[in-house]
Structure formats: structure tokens, C-alpha cells
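What the sequence shown shows, in my numbering, is residues 1 to 82, in sequence order.
Hint data in this document are derived by calculation from the structure and do not stem from the laboratory. One or more hints might be untrue.
Pairwise CB distance ranges (calculated) [what the hints assert, rightly or not]:
{"no.": "1", "residue 1": "Asp45", "residue 2": "Pro8", "range": "14 to 22 Å"}
{"no.": "2", "residue 1": "Asp55", "residue 2": "Asp28", "range": "18 to 26 Å"}
{"no.": "3", "residue 1": "Val18", "residue 2": "Phe79", "range": "20 to 28 Å"}
Below, a list of computed lysine to any residue pairs in the SDA-like style, where the Cα atoms sit at most 20 Å apart [unchecked claim]:
{"no.": "4", "residue 1": "Lys16", "residue 2": "Thr46"}
{"no.": "5", "residue 1": "Lys80", "residue 2": "Ala44"}
{"no.": "6", "residue 1": "Lys80", "residue 2": "Lys16"}
Since this is a predicted model, take the numbers as computed values, not measurements. Glycine residues also receive a C-beta, built at the ideal position from the N, C-alpha and C atoms.
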Amino acid sequence: VIAHADYPDDSYDYGKQVDIDSVLWSRDRLLGSLQGNIHPIRGADTFIFGHMIVDYTTTFANQIYIDTGSFCSGNLSFFKIK
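Assemble the whole structure, with the sequences as input and the hints as a guide.
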């Protein structure tokens, strides 16, 4: 699953209605993970998020954060999807 910022539930279901503002802008899950509150999202193997800049590609449980701030740092991240 690829989303701009977050998936606003602990369980993913294809086609499930979710809060679009959270999908686009939420930093809550990443901030919680950075503080040690790490939980997988059920329903898919991997979730890929951007929006909040991290120093390097970062993984918590089954969530991968790839926004390394290329617009200001020059560091562009990629994730290969098979």
C-alpha cells in the first residue's frame, strides 16, 4: 500500500473508506514510532509513506518512510516494487 502520509487505521481493507486528510497529512503514526510506539498495520505486507522528512529511508514494523527531503537536502530516495 502506498500513501502520501499515513493509513489512518490499524487494519487495511481494500476499498475501505478512510479519512483522506489523514492519508495526506497525518504524522501521528511516524511520530509515535519515533517515540517507541511501534505497531504493524494489518491487512497488507508493506506500507510506503512520505510527507514527513526523515534523515534516511526508515522502517518501523511493516511501514517504510521514504521522504528524505530531496527538495532541500538533495537526497532522493527510491523504493523498488517488484
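A quick look at each hint next to the structure:
1. Asp45 x Pro8: 14 to 22 Å: Between Asp45 and Pro8, where Cβ atoms are some 19 Å apart, the hint holds.
2. Asp55 x Asp28: 18 to 26 Å: Because 20 Å falls inside the window, the suggested range holds.
3. Val18 x Phe79: 20 to 28 Å: Distance hint for Val18, Phe79 holds at roughly 22 Å.
4. Lys16 x Thr46: holds (17 Å)
5. Lys80 x Ala44: At roughly 17 Å apart (the allowed maximum being 20 Å), Ala44 and Lys80 satisfy the hint.
6. Lys80 x Lys16: violated (26 Å)
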